Amino acid sequence: MSDVSAAAHPVRVGLFVTCLVDLFRPSVGFAAVKLLEDAGCQVEVPQTQTCCGQPAYNSGDKVDTKAIARQVMTAFADFDYIVAPSGSCAGMLRAHYPELFADEPAFLPEVRAFAAKVHELVSFLTDVLRVERVAARYDGVAVYHDACSGLRELGVRAQPRQLLRSVAGLTVKELAGADVCCGFGGTFCIKYPDISERMVSDKVADAAATGADTLLAGDLGCLLNMAGKASRQGRAIRVRHVAEVLADMTDRLPPIGAPAERR
Amino acid sequence: MQATSHDFKENARHALGDKNLQAALGILKRDFAGRRGAAVARLPEFDRLRAEGRAIKDHVLQHLDLYLEAFEQKVVSLGGQVHWAADAAEARDHVLAICRAAGASTVTKGKSMIAEEIGINEHLEKNGIAPIETDLGEYIIQLRHETPSHIIAPAIHLIKEQVADTFRDAHTHLDPARPLGEARQLCDEARALLRPKFLAADVGITGANFLVAETGSSIIVTNEGNGDLTQNLTRVHIVLASLEKIVPTLEDVSTLLRLLARSATGQEFSTYTTVSSGPRRPEDTDGPSEYHIVLLDNGRSAMLGTEFQDMLRCIRCGACFNHCPVYGAVGGHAYGWVYGGPMGSVLTPQLIGVKEAGNLPNASTFCGRCESVCPMQIPLPKMMRHWREREFERHLQPTAYRAGLRFWAFLARNPPLYQAATQVGAALLGWSGRGRGRFRSLPLAQGWTKGRDMPAPEGKTFMAQWAARQKQRAS
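Heads up: the sequence lines are chains P and U, in that order. Going letter by letter, the first sequence gives residues 1 to 263 in the numbering used here. Going letter by letter, the second sequence gives residues 1 to 475 in the numbering used here.
Quick caveat, the hints were computed from the structure, so don't treat them as lab data. Careful, some of the hints might be misleading.
One side of the interface only, derived from the structure: several residues of chain P facing chain U at Cβ under 8 Å [stated by the list, open to error]:
id: 1; residue: 26
id: 2; residue: 29
id: 3; residue: 39
id: 4; residue: 61
id: 5; residue: 71
id: 6; residue: 74
id: 7; residue: 152
id: 8; residue: 154
id: 9; residue: 184
id: 10; residue: 213
Which bits of chain P does chain U cover? Going by a derived footprint, with three or more residues having C-beta under 8 Å, they are [as the list claims (entries may be wrong)]:
id: 11; stretch: 134-141
id: 12; stretch: 159-173
Predicted, not measured: the structure shown is a model, and the values here were computed from it. Here a beta-carbon is modelled for each residue, glycine too, at the ideal position from N, C-alpha and C.
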């Protein structure tokens, strides 16, 4: 991968906001913008984006998935890079779009070229922009949950831990079974809520057992799931997207699922 | 075996509430993944070995007819017989005919998932022949009238206290006050009871981990040695195997064996690896006088050339079960047929139909842990998605789910409409959840909110805020 941090022109990044960040936690989007701008990128947000298409893709609906994928590729055609604050959505664009269009060989090279420009936020900062540290403070002890798609489709594991180490006041502990799914799984948690709930119970219990006061991850779906379970069980653990901590924005908004008044 | 895959959700709910099962699964999740991880870490070339193993199987699948015919010729030249079975009924007929010809009244059995697939025990019993399971796990579940819940650890759903109860109920001739608290005591009791059965049986049935085209051999891998007694102490040895077990040479087998034990149990090699090549020769001191291979297709050849072909690389190590969080939550019986876990979620719809087994490929978060540990690099999540595509094409999903999906897709394909809708949704949910920061109950998300809260949105969508910010900057 070429080192673009020293490029003459600012790197143009199209932010793929993701549907969950757009709807539930827009602050994560602004955290991503801040991190990218601090690293010297020019960030734009195409207004014609909606979703990456995973709900249709994982339900076997290839026609709608392809229509949505084409829409995404058109909206983001002109950028040097496409960056998403989610391993799941970035994985969809980067790993699955080429699989989706495998039956259209004439179109495939274009899809592959697009896919190669897509990155998950934190790994983009470290691997492409060569960011080694951030200027942020967070007082606490955190564990990091490796969301499945980022970990296994994009190889995101060391990158968030590396940047978190530079956050003042923060201690990062390792979570036993950090690579085990939290049970969110998109449509899975709707279709099989009982199994999903057992999985997230185990995950939250593992996080609590470390004694950490904060649970971080890079995917909002997993975070909503884990935060929802933790708050239902009355656990005090604070759940946040890793970008909020790295962008030093935690003073401005409460943890996921926590009331605004508390902080 | 009557499939209950259709009732997966109900089976799963039952399993989640079963305390003994959950305790047993807790041990499985902790031990198996840890042992595999340690074994793989000790072998730096493990990933290279995976690629080699995959290439061997891919090559075989390209030339399956050639290797199967070569195998048959070799078996026959050694004095054995190959019986081709297109489906389960044909396989059962072959086995029964061989048993009858041998005048068998009891049959000992090593562990074989093909035996489960064709339901051979019920068939033999119905015809007056008593099958006796000799693998400890299989023996336990036979006493309990259960099916295996795991392809390499059939009784993994039980804790040892349950096994002790089962033995006390079944072995009524023994002292009821005998101690059975330790695993060792359970093993010793089963061993003592099985020994005379090995000696008395007329026919021994085993499975096969591999069939070798070059030598006409069948190979089994066990940790108990029961397979050896099953096939050497009886006069007739029947091997049950499916087509894709074929491998060209013994050299290839050795590559696959190095992958198998590490992936399955974290052992470098299983305790017993037994190669059988034909019946007893005049110079042999022991061995069966008849050697039969029943070769089962049962839908497998129909997978060749389709998006499911890669599934035929499977060497049944069980690593995908041991690393699957869904299997770890509900165990094997919830899957409702012979094969559970991720490999079962791909294979079962092929063997019993996606209409019956459609739940299986759906009950996955696509976390990808199965594929990441599969020694044969089988893209299990991708193939589960292919089954969902078949379901979608055939309109097999629930109507409400399809309608919801269609509505969502309509919005997602119309960005202005989508953004108008999400702005309203975010505002509404944000406003009503603003006090607590979360919902304890939501009308359209009862499945979610039954066991967990739904965090409340901040209130304004990112897209709306970004548009406002751009406008402000421009002015």
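Against the structure, the hints come out as follows:
Satisfaction of the interface hint for residue 26 (chain P) is found here, the shortest Cβ-Cβ separation to chain U being roughly 4 Å, below the 8 Å cut-off. For residue 29 (chain P), the interface hint holds, the least distance from its beta-carbon to any beta-carbon of chain U being 4 Å, beneath 8 Å. For residue 39 (chain P), the interface hint is violated, the least distance from its beta-carbon to any beta-carbon of chain U being 19 Å, above 8 Å. The interface hint given for residue 61 (chain P) is met, as the beta carbon of that residue sits about 5 Å from the closest beta carbon of chain U, less than 8 Å.
For residue 71 (chain P), the interface hint holds, since its Cβ comes within 8 Å of a Cβ in chain U; the closest pair sits about 7 Å apart. For residue 74 (chain P), the interface hint is violated, the least distance from its beta-carbon to any beta-carbon of chain U being 11 Å, above 8 Å. Satisfaction of the interface hint for residue 152 (chain P) is found here, the shortest Cβ-Cβ separation to chain U being roughly 4 Å, below the 8 Å cut-off. Checking residue 154 (chain P) against chain U by beta carbon gives a least distance of about 11 Å; that is not within 8 Å, so the hint is violated.
The interface hint given for residue 184 (chain P) holds, since its Cβ lies 7 Å from the closest Cβ of chain U, which is under the 8 Å cut-off. For residue 213 (chain P), the shortest C-beta to C-beta distance to chain U is roughly 17 Å, which exceeds 8 Å, and the interface hint is violated. Under a criterion of three residues with beta carbons nearer than 8 Å to beta carbons of chain U, the stated coverage of the stretch 134-141 of chain P fails, only 0 such residues being counted. Counting residues of the stretch 159-173 of chain P whose CB falls under 8 Å from any CB of chain U gives 0; the rule of at least 3 is not met.
Checked against the numbered hints listed earlier, the structure breaks hints 3, 6, 8, 10, 11, 12; every other hint is satisfied.
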